[in-house]
Amino acid sequence: MIVLGIDTSGYVNAVGLADGTRVLADVAFPAKTDSLEQIVDNIDSVLKSAGLSLEDIQGIGVGLGPGSWTGIKVGVTVGKMLAFSADKPVAGIPTLEALAYAARKKSLFIYAVINSGVGDTVYAARYHTSKNGVSQEGEYFTGSIKDLVPLINEPVLLVGGDIKRYRDIILKENPLIRNKVKALEALPSGAAVACLAAVRLARGMKDNPLSLTPLYLKESTAEVFINKYKVK
Amino acid sequence: MLILGIETSCDETSAALVADGTKILSSAIATQLDLLKKYGGVVPEVAARRHTELIGYVIKEALDKAGRTLDDIEAVAVTSRQGLISCLMVGVAAAKSISYAKNVPLIGLHHIEGHIFANILSHPEMPFPHVCLTVSGGHNMLVHVQEKCRYELLGTTLDDAAGEAFDKIAKFLGLGFPGGPVIDKLSKPGNPEAFSFPRPMIKNKSFDFSFSGLKTAVINMFKDKIARGEKLPLPDIAASFQEAVVDTLVAKTLRAVEMKDLKVVSVTGGVSANSRLRQVFTETCKRKGIKVFFPDLSLCTDNAAMIAAAGYARMMLGERSDLRLNVFPNAPLGG
Ligand SMILES: [Zn+2]
Numbered sequence: 001m002i003v004l005g006i007d008t009s010g011y012v013n014a015v016g017l018a019d020g021t022r023v024l025a026d027v028a029f030p031a032k033t034d035s036l037e038q039i040v041d042n043i044d045s046v047l048k049s050a051g052l053s054l055e056d057i058q059g060i061g062v063g064l065g066p067g068s069w070t071g072i073k074v075g076v077t078v079g080k081m082l083a084f085s086a087d088k089p090v091a092g093i094p095t096l097e098a099l100a101y102a103a104r105k106k107s108l109f110i111y112a113v114i115n116s117g118v119g120d121t122v123y124a125a126r127y128h129t130s131k132n133g134v135s136q137e138g139e140y141f142t143g144s145i146k147d148l149v150p151l152i153n154e155p156v157l158l159v160g161g162d163i164k165r166y167r168d169i170i171l172k173e174n175p176l177i178r179n180k181v182k183a184l185e186a187l188p189s190g191a192a193v194a195c196l197a198a199v200r201l202a203r204g205m206k207d208n209p210l211s212l213t214p215l216y217l218k219e220s221t222a223e224v225f226i227n228k229y230k231v232k
Numbered sequence: 001m002l003i004l005g006i007e008t009s010c011d012e013t014s015a016a017l018v019a020d021g022t023k024i025l026s027s028a029i030a031t032q033l034d035l036l037k038k039y040g041g042v043v044p045e046v047a048a049r050r051h052t053e054l055i056g057y058v059i060k061e062a063l064d065k066a067g068r069t070l071d072d073i074e075a076v077a078v079t080s081r082q083g084l085i086s087c088l089m090v091g092v093a094a095a096k097s098i099s100y101a102k103n104v105p106l107i108g109l110h111h112i113e114g115h116i117f118a119n120i121l122s123h124p125e126m127p128f129p130h131v132c133l134t135v136s137g138g139h140n141m142l143v144h145v146q147e148k149c150r151y152e153l154l155g156t157t158l159d160d161a162a163g164e165a166f167d168k169i170a171k172f173l174g175l176g177f178p179g180g181p182v183i184d185k186l187s188k189p190g191n192p193e194a195f196s197f198p199r200p201m202i203k204n205k206s207f208d209f210s211f212s213g214l215k216t217a218v219i220n221m222f223k224d225k226i227a228r229g230e231k232l233p234l235p236d237i238a239a240s241f242q243e244a245v246v247d248t249l250v251a252k253t254l255r256a257v258e259m260k261d262l263k264v265v266s267v268t269g270g271v272s273a274n275s276r277l278r279q280v281f282t283e284t285c286k287r288k289g290i291k292v293f294f295p296d297l298s299l300c301t302d303n304a305a306m307i308a309a310a311g312y313a314r315m316m317l318g319e320r321s322d323l324r325l326n327v328f329p330n331a332p333l334g335g
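The listed protein sequences correspond, in order, to chains A and B.
Each residue of the first sequence is one higher than the one before, starting from 1 at the first, in the working numbering.
Each residue of the second sequence is one higher than the one before, starting from 1 at the first, in the working numbering.
What the hints contain is simulated information worked out from the structure, not anything from laboratory work.
For glycine and all other residues, C-beta sits at the position ideal for the given N, C-alpha and C.
Treat the hints with caution; some may be incorrect.
Over the 10 Å line for every Cβ pair with chain A, so calculated as not near, a few chain B residues [unchecked claim]:
1. T22
2. L25
3. Y57
4. I59
5. P124
6. E125
7. R150
8. K185
9. N191
10. A194
11. I219
12. E230
13. K260
Here are some of the chain B residues that sit facing chain A, going by a computed Cβ distance under 8 Å [unchecked claim]:
14. A48
15. S86
16. A94
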């Protein structure tokens with residue numbers, strides 16, 4: 001099953017193709033404020049390079065975030081409307097899971113970490129390697145990177161963007177875990193999203209394209225304000 | 001030519017199917033009124049998140065209502081210019097995805113051009129050239145419409161748009177949101193001459209508008225009355241405020257029509273649904289032998305049918321956007 005994977009949550013337009021869990025293409029196009037401008041062109045160029053067109057693929061995987069709010073709104077809208085228009089099954093994949101998948105190692109627990117764009121606040125989740133990829137343990141985490149420190153009690157692999165800096169912050173908090181914490185720099189990957197989507201779609205776990213929405217993991221500023229001050 | 005129109009520039013998620021730029025086969029609009037009431041206005045990030053949730057459903061509803069599928073669509077028209085950036089992005093992302101997947105042309109449009117076409121769509125017989133007043137919560141412009149898709153901007157608002165002034169006064173008086181309809185209704189039994197509010201820039205030679213001074217005058221008068229313990233006849237205040245806005249809009253528009261030596265006026269946008277504005281325009285224009293047109297009430301507020309109609313006109317001129325179409329929140333109307 002050939003699946004197209006896209007993820008625009010991390011200031012790159014990540015576009016990939018996978019046949020099952022075999023990667024056919026994985027490209028990260030630089031995208032700052034022009035992710036909307038480029039994304040369909042990027043998809044088209046990856047398909048063309050593989051000698052394929054949209055009709056040739058059997059499914060679409062969409063990185064849901066968390067990450068750039070603008071980026072994920074664009075990526076999720078493009079993914080779901082492509083799926084709806086081309087009548088292809090779609091699977092939404094949390095970007096943290098795709099990061100962990102790209103770094104899967106049997107011996108280590110994985111913490112996928114994504115910068116929230118505000119101070120040292122991060123989105124994170126813990127995964128272990130499983131038969132079909134990775135499995136999440138526990139809830140998503142949103143908070144200071146320092147608050148992850150007490151949760152690290154066995155060897156872990158941190159994966160994400162700017163990850164060495166996060167490792168340094170963690171080790172400054174607790175130098176005793178120095179040899180328990182490894183770090184792997186990684187950006188969202190379209191191929192990882194495609195592979196995870198292929199596994200899900202093969203098991204019949206497709207999402208309704210119309211209801212697919214981003215995984216923000218954080219309320220907008222206005223929602224925070226309303227909930228805090230109970231404005232009516 | 002069957003066009004799918006998409007409009008998400010502010011707080012309405014909308015899709016419509018329009019045939020040949022004139023026949024509305026369907027129109028689906030999801031308003032975010034619940035959010036507006038909760039937050040007392042439009043919050044861009046909250047509105048954009050809602051657009052992302054609704055866009056697919058709204059497009060599906062427009063197709064279902066018309067009994068068509070995406071296979072029947074021959075082009076996609078979308079608002080890409082003027083509006084809230086994060087909101088515009090959702091519509092454009094959807095539009096280019098459909099265009100790419102269905103291999104049909106795409107065209108990005110200016111939101112105000114859509115409003116101009118709302119009235120052309122309602123009145124295909126409306127002659128060109130004409131002067132168009134577009135007035136809503138987000139915009140307030142006088143445009144010389146030379147012919148379809150050829151515009152000369154005569155004036156715009158220097159601060160608040162008229163609809164924004166309605167919203168702010170309604171909010172201040174505790175009447176709720178949106179302000180236009182509630183003030184319109186409340187004004188019905190009121191005396192429009194009870195209070196003399198300023199008619200901002202009415203004598204000014206330019207065709208620009210400014211409603212923030214009027215808003216301040218109403219608020220100050222209100223506070224003054226409260227401080228002196230006087231009774232507050234809300235319908236009179238609402239009617240007098242509304243009259244000042246209407247007088248200003250009508251006077252400026254008619255001066256523009258006379259300056260251009262034309263006999264046709266088009267009034268469009270959310271505020272063009274205001275009953276007093278329609279009445280005064282109709283009476284004044286009749287006296288002066290000028291024809292005035294208003295859109296159907298369903299086409300006054302933001303909707304995608306007007307975008308599809310404008311898109312058809314532009315495509316007839318041979319215009320197309322490519323798949324790199326981007327959004328421009330502050331783009332001028334252009335010509
Ligand atoms: Zn509008």
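Okay, the hints, checked on the actual structure:
1. T22: 26 Å, holds
2. L25: The claim stands: L25/B keeps its Cβ more than 10 Å from every Cβ of chain A (closest is about 19 Å).
3. Y57: 5 Å, violated
4. I59: Contrary to the label, I59/B does not stay out of reach of chain A, its closest Cβ about 8 Å off (not over 10 Å).
5. P124: Non-interface label on P124/B holds, nearest chain A Cβ at 31 Å vs cutoff 10 Å.
6. E125: 36 Å, holds
7. R150: The assertion about R150/B holds, with a minimum of 27 Å to chain A.
8. K185: The claim holds: K185/B sits with its nearest Cβ about 22 Å from chain A, beyond 10 Å.
9. N191: 32 Å, holds
10. A194: 31 Å, holds
11. I219: Non-interface label on I219/B holds, nearest chain A Cβ at 21 Å vs cutoff 10 Å.
12. E230: E230/B is indeed farther than 10 Å from all Cβ atoms of chain A, at 28 Å.
13. K260: 38 Å, holds
14. A48: 6 Å, holds
15. S86: Nearest chain A Cβ about 6 Å off; hint holds.
16. A94: 5 Å, holds
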